[in-house]
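Participant: Sequence:
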Amino acid sequence: MKKIFLLAVLASGLAFGQAKKVVSSDVHWWGYKVAKSQASSHDGTIAVKSGNIVMKGNEITGGSFVLDMNSINATDVSGETQGKLNGHLKNGDFFEVEKFPTAAFKITSVKKNNDKTYNRTINGNLTVKGKTNPVSFPANVTVKDGVVTLTSNKFSFDRQKFDVAYKSSMKDVFVKDEIEMTVKVSAK
Numbered sequence: 054m055k056k057i058f059l060l061a062v063l064a065s066g067l068a069f070g071q072a073k074k075v076v077s078s079d080v081h082w083w084g085y086k087v088a089k090s091q092a093s094s095h096d097g098t099i100a101v102k103s104g105n106i107v108m109k110g111n112e113i114t115g116g117s118f119v120l121d122m123n124s125i126n127a128t129d130v131s132g133e134t135q136g137k138l139n140g141h142l143k144n145g146d147f148f149e150v151e152k153f154p155t156a157a158f159k160i161t162s163v164k165k166n167n168d169k170t171y172n173r174t175i176n177g178n179l180t181v182k183g184k185t186n187p188v189s190f191p192a193n194v195t196v197k198d199g200v201v202t203l204t205s206n207k208f209s210f211d212r213q214k215f216d217v218a219y220k221s222s223m224k225d226v227f228v229k230d231e232i233e234m235t236v237k238v239s240a241k
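Heads up: the sequence shown at position 22 corresponds to 75 in this note's numbering, and the numbers run straight through without jumps.
Don't read these hints as lab results, they were simulated from the structure. Any given hint might turn out to be false.
[Stated by the list, open to error] Calculated pairs, DSS-like style, for lysine-lysine (alpha carbon to alpha carbon, straight line, at most 30 angstroms):
1. K86 with K184
2. K159 with K102
3. K229 with K109
4. K207 with K164
5. K73 with K102
6. K237 with K86
7. K237 with K159
8. K86 with K182
9. K159 with K143
10. K109 with K165
11. K237 with K102
12. K74 with K241
13. K109 with K169
14. K184 with K73
15. K137 with K74
16. K214 with K197
17. K182 with K207
18. K102 with K229
19. K207 with K152
Computed from a predicted model, the values in this text were never measured in an experiment.
Turn these sequences into a full structure, and let the hints guide you.
Facilitator: Here you go:
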């Protein structure tokens, strides 16, 4: 009976894949004012709170990541300016982290492509402030010594689709809708 149970567990793992827990991450973001340039932008980081990558053999078949919105941090400024900007990003002007403390990304499919640097296209659903929209990005996926690493190229998404709108009298005249990101996660 134990052998049958063990065989069933093994077979289900092969059929559905094996979940590997995220052990390290680096998520970087860029936001721009209307005149998109390095001088008119801010950039920073956000922490992955938890996540997993589902593997079948050496291929990613799924996964999900939870972002800790309280960790959003502008790294291009420091001191009082950094504190003000971080507070601004966390309040009702943008991400409303008190009401929405996390964001999430769920992988829906992974496709091979011919790019030697970014060998996969990751498709998934991004949820920010309770709104979910599809997001795709090119990524380099490697598997070595039981560790899978997913490293994205820079990609963008429209913040307006997630109701991340600057709540000022000038509304979104000063801030571009496009948010750019890079993501690197390793799971074991």
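Participant: Run every hint past the structure and note whether it holds.
Facilitator: Each hint tested on the structure:
1. Between K86 and K184 the CA atoms are separated by roughly 23 angstroms; this keeps the pair inside 30 angstroms, and the hint holds.
2. For the proposed pair K159 and K102, the alpha carbon gap of about 14 angstroms is at most 30 angstroms, so the pair holds.
3. For the given pair, K229 sits about 39 angstroms from K109 by alpha-carbon distance, which is inconsistent with the 30 angstroms threshold.
4. About 18 angstroms separates the Cα atoms of K207 and K164, which keeps this hinted pair within 30 angstroms; it holds.
5. A hinted pair counts as satisfied when its Cα atoms are at most 30 angstroms apart, and K73 with K102 qualifies at roughly 15 angstroms.
6. Taking the CA atoms of K237 and K86, the gap is about 25 angstroms. The hint holds against a cut of 30 angstroms.
7. Between the alpha carbons of K237 and K159 the distance comes to roughly 15 angstroms, so the proposed pair stays at or under 30 angstroms and holds.
8. Among the hinted pairs, K86 with K182 is consistent with the structure: their alpha-carbon atoms are about 22 angstroms apart, no more than 30 angstroms.
9. A threshold of 30 angstroms between alpha carbons decides the hint, and for K159 with K143 the separation of about 23 angstroms falls inside it, so the pair holds.
10. With a C-alpha separation of about 14 angstroms, the suggested pair K109 and K165 falls inside the 30 angstroms cut-off, and the hint holds.
11. A distance of roughly 14 angstroms separates the Cα atoms of K237 and K102; the hinted pair therefore holds under the 30 angstroms criterion.
12. Between K74 and K241 the alpha-carbon distance is near 6 angstroms, which keeps this suggested pair within the 30 angstroms criterion.
13. The straight-line distance between the Cα atoms of K109 and K169 is roughly 22 angstroms, inside the 30 angstroms bound, and the hint therefore holds.
14. Among the hinted pairs, K184 with K73 is consistent with the structure: their alpha-carbon atoms are about 27 angstroms apart, no more than 30 angstroms.
15. Taking the CA atoms of K137 and K74, the gap is near 34 angstroms; set against the 30 angstroms cutoff, the hint is violated.
16. This hinted pair does not check out: K214 and K197 have alpha carbons roughly 37 angstroms apart, beyond 30 angstroms.
17. Proposed proximity of K182 and K207 is supported: the alpha carbons are some 22 angstroms apart, at most 30 angstroms.
18. For the proposed pair K102 and K229, the alpha carbon gap of about 27 angstroms is at most 30 angstroms, so the pair holds.
19. Only pairs whose Cα atoms come within 30 angstroms are accepted, and K207 paired with K152 is accepted, the gap being roughly 28 angstroms.
The earlier numbered hints that this structure contradicts are 3, 15 and 16.
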